[in-house]
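Q: What follows is each chain in one-letter form.
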Amino acid sequence: EAQVTQNPRYLITVTGKKLTVTCSQNMNHEYMSWYRQDPGLGLRQIYYSMNVEVTDKGDVPEGYKVSRKEKRNFPLILESPSPNQTSLYFCASSPGQGDYEQYFGPGTRLTVT
Amino acid sequence: SQQGEEDPQALSIQEGENATMNCSYKTSINNLQWYRQNSGRGLVHLILIRSNEREKHSGRLRVTLDTSKKSSSLLITASRAADTASYFCATDTYSGAGSYQLTFGKGTKLSVIP
Chain P
49 EAQVTQNPRY LITVTGKKLT VTCSQNMNHE YMSWYRQDPG LGLRQIYYSM NVEVTDKGDV
109 PEGYKVSRKE KRNFPLILES PSPNQTSLYF CASSPGQGDY EQYFGPGTRL TVT
Chain X
6 SQQGEEDPQA LSIQEGENAT MNCSYKTSIN NLQWYRQNSG RGLVHLILIR SNEREKHSGR
66 LRVTLDTSKK SSSLLITASR AADTASYFCA TDTYSGAGSY QLTFGKGTKL SVIP
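In the order they appear, the protein sequences are chains P and X.
Quick note, the working numbering runs 48 ahead of the 1-based positions in the first sequence.
Quick note, the working numbering runs 5 ahead of the 1-based positions in the second sequence.
In short, the hints are calculated from the structure, not lab data.
Since this is a predicted model, take the numbers as computed values, not measurements.
Mixed in with the good hints, there may be bad ones.
Residues on chain P that point at chain X, a partial pick, calculated with CB under 8 angstroms [claimed, not checked]:
(1) Leu89
(2) Leu91
(3) Pro109
(4) Tyr112
(5) Phe138
(6) Pro143
(7) Gln145
(8) Gly146
(9) Asp147
(10) Glu149
(11) Gln150
(12) Gly153
(13) Pro154
(14) Gly155
Chain X stretches covered by chain P per the calculated footprint, using a threshold of three residues with CB under 8 angstroms from any CB of chain P [stated by the list, open to error]:
(15) 34–41
(16) 47–54
(17) 106–114
Heads up, the beta-carbon is just placed ideally off N, CA and C, and yes, glycines get one too.
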């Protein structure tokens, strides 16, 4: 089944403790991205990647890192999480940019205390 | 940067009625997409309309695009309780150097009452 998977689905952590949220897609998509969703603010893009080893900042990249060493994986790294990073995170992929739909993962609900 | 803005923010209708949601945006677009999100879940793509298209249909969905007014509408006909969800428009814009950016609005929350 074609899908985007994220792990973990739920995470509660403390300020400053480094964490990684994994994202994997099995559709051989070139383009992958991370979004965060907050009440009243909609979805905002954090980082995106157009292909292996090619990543770029989205609208809200501060406090996050990403890497794209393999086509299928696009982990999101929070090196020193803070409470303002408490949010619902989505990974998405598509065959490319432009006239393509995005396929979304199920989401990761992160709480930083 | 927020590009699309949906209107209304929330909409409540009876089952069987039609639901119309609107999206306005500010700059030229390559295409506009509509997505649905059931509570707390991942977004699901509904329909993509290119900037040179005016109307598109998919089952009970009808999307229109008016580039002169920089607006789009999503019509769901004969609504069902299962249509209860949040609906987002997303604008795809060319950001230079062969790169496009997809920007989501804040969504319209639709409730369909059985």
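Q: Find the hints from earlier in the document that the structure breaks and name them by number, from lowest to highest.
A: As far as the earlier hints go, 3, 4 and 6 are violated by this structure, in ascending order.
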